[in-house]
Every structure is written in C-alpha cells, then in structure tokens.
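Make the full structure from the sequences, and use the hints.
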Amino acid sequence: MPSRWKSSHALSLGLALAACGVPEPPGSTGGVDGGDTACGRGVVVLSTDYQSTNLSLMAPSGEVRSGSFISSASRGVGLSAPLSGDVALPSEAVSGAHLVLIDRYPASVLTWVELTTGRVRAQLNVGTGFAANPHDYVEVSEELAYVTRFEPNSSSGLQPFDAGSDLLILDPRGPSITGRIDLSALIPVGLEGYHPRPDKLLRVGSQLYLLASAYSLDFRQSLPSRIARIDIATNTVQAVLELTGLHGCAGMDLSPNQTRLAVGCSGPFDSGAQVPVESGLALVRLTPELELERALFARDLVPDPTAYALSFASDEALVFTTFGRFPTESDARPDRLYELDLSTLEAVPLLESEGDPFTLRDVRCFTSTAPGEGCGACFVADAGRGVVHRYPIGDGQPRLAAPTPIRVDTRIGLPPSALGGF
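In terms of this note's numbering, the sequence shown opens at residue 12 and continues consecutively.
If you are wondering where the hints come from, they were derived from the structure by calculation, not from laboratory data. Heads up, the beta-carbon is just placed ideally off N, CA and C, and yes, glycines get one too. Any given hint could turn out to be false.
Said to hold, decoys possible - What follows is a list of derived Cβ distance ranges for each label pair:
#1 Ser167 / Asp406: 51 to 61 Å
#2 Asp47 / Asp326: 20 to 30 Å
#3 Gln170 / Gln408: 48 to 58 Å
#4 Gly190 / Leu228: 17 to 27 Å
#5 Gly185 / Asp311: 41 to 51 Å
#6 Asp193 / Phe230: 16 to 26 Å
#7 Gly185 / Asp242: 17 to 27 Å
#8 Leu228 / Glu154: 32 to 42 Å
#9 Glu304 / Ser195: 23 to 33 Å
So this is what it looks like as structure tokens:
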C-alpha cells in the first residue's frame with residue numbers, strides 16, 4: 012500500500028471520527044523513573060499496525076510500567092512531526108535520560124523522548140532532501156551519535172550530506188548533523204550497481220560494527236551481506252568482512268562477553284525457494300580481527316528460512332525466529348521461535364505463531380547482571396496473540412524456562428512488533 016495513500020486515508024478517517032463525536036484517543040500513561048535497579052532499567056515495546064504506533068515501557072521483571080508512554084495519537088508532548096506507522100528502536104539499549112525513536116520511511120526523523128515525562132526533547136530530520144530510511148542509532152556520548160541511512164539518493168549533490176546509503180554523524184545536543192561516513196568501499200570495484208544498504212549498528216569499545224545488506228537499487232539483485240568495522244576516533248572504515256553465502260541479512264546481536272556477533276539472514280528477495288540456500292545465521296568473531304567463525308545455513312538447521320529477529324540468551328545460546336508462509340501452492344507454515352545451543356547446534360523449538368505467519372516479530376534477551384535475582388529474560392513480540400512473551404533465563408540452567416504472556420497495552424490495542432532497552 013503506498014505510503015501517501017496511507018497518510019491521506021488516516022487523515023480522512025481522523026476527520027470523520029472527529030465530526031462524528033468519537034472520543035479522542037487515550038492520552039499518555041506517563042513516564043517512568045529512569046534509574047537503575049538490581050535487574051537493570053527496562054524494556055521498550057513498540058506496537059504498530061503500520062499506520063499508527065504506540066510505545067510501552069516494562070520492567071525487566073515483566074511488570075508494565077507505562078502502557079502508552081507515547082503514541083501517534085499523543086497530543087501536547089512536543090511532537091512537531093507525528094509518529095508514523097514505520098517506527099523502529101535502536102539495537103542498543105539507551106543509557107541516558109531519553110529514548111530515541113527512529114521514524115523510517117519516508118519520514119526519516121529521529122525523536123528524543125524524556126523517559127521521566129514522555130515529552131519530546133527534540134526531533135531531527137536526517138533525510139537531507141530525500142527519503143533516507145534511517146534504520147539504527149548508536150549514541151557514543153552526549154556530543155556524538157551515529158545513524159545508518161538505508162536508502163541511496165539518486166539525486167545527490169544538492170545539499171550537504173545527501174548521498175545516502177551511509178553512516179551519518181550527529182551531535183545529539185542540538186541535535187544536528189555534523190558529518191557522514193562514506194560506505195562505498197563496502198562494495199567491490201566493478202559492482203557499482205549495488206549499494207551498501209547499511210542496517211544494524213552496534214558499538215564495542217572504540218569501534219562500531221555495521222551490518223550492510225548490499226542490494227541493487229530495485230532489490231532484485233543482492234551480494235553477500237557484510238560487516239564493517241568503523242573506528243570512532245577517526246570515523247573511518249577499518250575492515251570489511253563478507254558473510255560468504257548469506258544474503259538479505261538484517262538482524263545482528265552482540266554476545267554478553269562482547270567477543271562475538273550473531274547475524275540473521277533471510278536470503279534474497281523473491282528467491283522462489285521455500286528455504287533459500289542463502290538464508291541462515293552467521294557467527295562472527297571480533298578479535299583480534301573480524302572473522303567469519305561459522306555460517307549456519309537454514310537448510311541444515313530448521314525447516315524454514317531464518318528471519319531477522321535473534322538475540323543471545325548467553326554466550327553459548329542464541330534465540331532466533333524463522334519465517335512461515337501463507338497458503339499458496341504449498342502448505343501454510345507458522346513462524347517459529349527456536350533456542351540454539353551454539354556448542355551442539357541443536358535447535359529446540361519454543362513457540363509457533365498463531366494465525367497468520369510473519370507475526371513473531373522481534374526477540375530481545377537481557378542477560379542477568381545480578382546472579383540469583385532472577386533478572387535474566389528473553390522477550391518475544393507476538394503480534395498474532397497481541398502479547399509479549401517473557402522467557403526467564405535460569406541461573407546456571409541450560410534452557411529457557413516456561414514463558415509468561417504479557418499484554419502490555421490494554422487501551423490502544425496495537426499488536427507488539429519491536430523491542431528495545433533502556
């Protein structure tokens with residue numbers, strides 16, 4: 012459905028409801044204390060129907076602390092650009108006093124929201140004249156942050172920093188754009204028809220690790236996805252690792268001991284195969300150099316293509332999802348959630364989607380920083396059931412414990428889709 016049609020339809024519907032005397036959407040349930048607890052700070056739940064968005068805040072224990080912290084319907088909180096239905100959360104848990112929301116395509120707007128009040132501190136358009144489609148955000152300090160811009164700009168050169176398919180450098184204080192890192196070196200010479208398409212971004216010490224999916228402009232062709240290591244002090248690409256044999260990679264997580272990345276790859280667009288040969292997981296060692304430790308192809312692990320949602324439950328256990336499929340010429344398949352033992356490569360199924368596929372949307376594990384407190388847990392956004400499942404990570408236990416379903420928002424009622432941390 013075209014984005015312009017969505018916007019005009021939503022506006023017309025809103026005017027019609029107002030004319031009919033329908034009550035205003037429920038307001039914010041307020042902010043939360045952003046201080047640390049024995050189990051950390053909290054979990055962000057983004058719920059959406061791809062037209063509207065609602066943010067909820069939970070404690071690591073699963074207690075809902077604010078069911079509607081901010082939403083597309085929020086009024087009087089300082090939103091100059093309302094939240095669309097295509098909002099994402101940073102891969103890294105935010106550590107400061109603000110949440111950062113990434114309004115992707117076509118809005119290209121970052122929004123800083125005060126945790127304690129739910130009010131907007133600032134918004135910044137990172138489009139620089141085109142629909143840049145920002146995908147991830149990492150804040151290094153009060154003065155320095157980075158945002159990946161997925162889309163290239165075919166009409167660049169009209170204003171500063173407008174090339175696209177790059178890594179934009181920000182000063183969050185303003186906020187303002189201060190520079191960009193060109194990622195064209197991620198594409199080999201002679202393959203200029205492809206673009207880096209940077210997606211996920213994680214920080215380890217003085218280095219950034221960026222996942223690039225490497226597609227052609229129309230997405231019909233792809234290269235193996237790749238990871239770039241970027242030095243923060245010099246803002247330069249120091250190394251590039253090709254994930255040989257794996258295409259369409261869009262999920263990435265860092266192990267608790269910060270020595271390894273896991274990457275989720277669904278395969279090329281429109282491959283035609285029920286399980287594309289290029290679908291799977293990658294394990295990448297970070298030290299001393301970037302190294303593809305192992306490529307785990309979906310066909311050797313599970314009966315369906317791996318999806319983008321994955322998270323480390325421990326240094327040797329990974330939780331990930333697979334894509335189902337709608338009934339066509341072949342049988343329908345549900346999405347599935349698995350726990351993978353990285354020592355034995357045994358993948359144990361934990362959950363299936365209910366109803367339509369493509370509804371097990373995101374996975375986020377928070378490993379325990381306080382052994383014996385029962386803090387560690389993996390959260391799964393289940394849009395089909397309208398809940399977030401909390402799987403406890405038992406201290407010293409080899410497997411996740413039985414889950415508890417949590418309905419985070421009982422007022423607006425949008426399906427949970429993405430998870431973040433604060």
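Hints, verified against the model:
1. One distance hint, 51 to 61 Å for the beta-carbon pair Ser167 and Asp406, holds here, with the actual separation near 52 Å.
2. Here the CB-CB span from Asp47 to Asp326 is close to 23 Å, well matched to the stated 20 to 30 Å.
3. Between Gln170 and Gln408 the CB atoms are about 55 Å apart, so this pair conforms to the stated range of 48 to 58 Å.
4. At about 25 Å, the CB distance of Gly190 to Leu228 agrees with the hint of 17 to 27 Å.
5. For the pair Gly185 and Asp311, the supplied restraint of 41 to 51 Å holds, since their beta-carbon distance comes to about 49 Å.
6. Taking the beta carbon of each, Asp193 and Phe230 are about 22 Å apart, inside 16 to 26 Å as hinted.
7. Between Gly185 and Asp242, the C-beta spacing of about 24 Å keeps the proposed range 17 to 27 Å intact.
8. In this structure, Leu228 and Glu154 meet the distance hint of 32 to 42 Å, their C-beta atoms being roughly 35 Å apart.
9. As the Cβ distance of Glu304 to Ser195 is approximately 27 Å, the hint placing it in 23 to 33 Å holds.
Of the numbered hints listed earlier, not one is contradicted by the structure.
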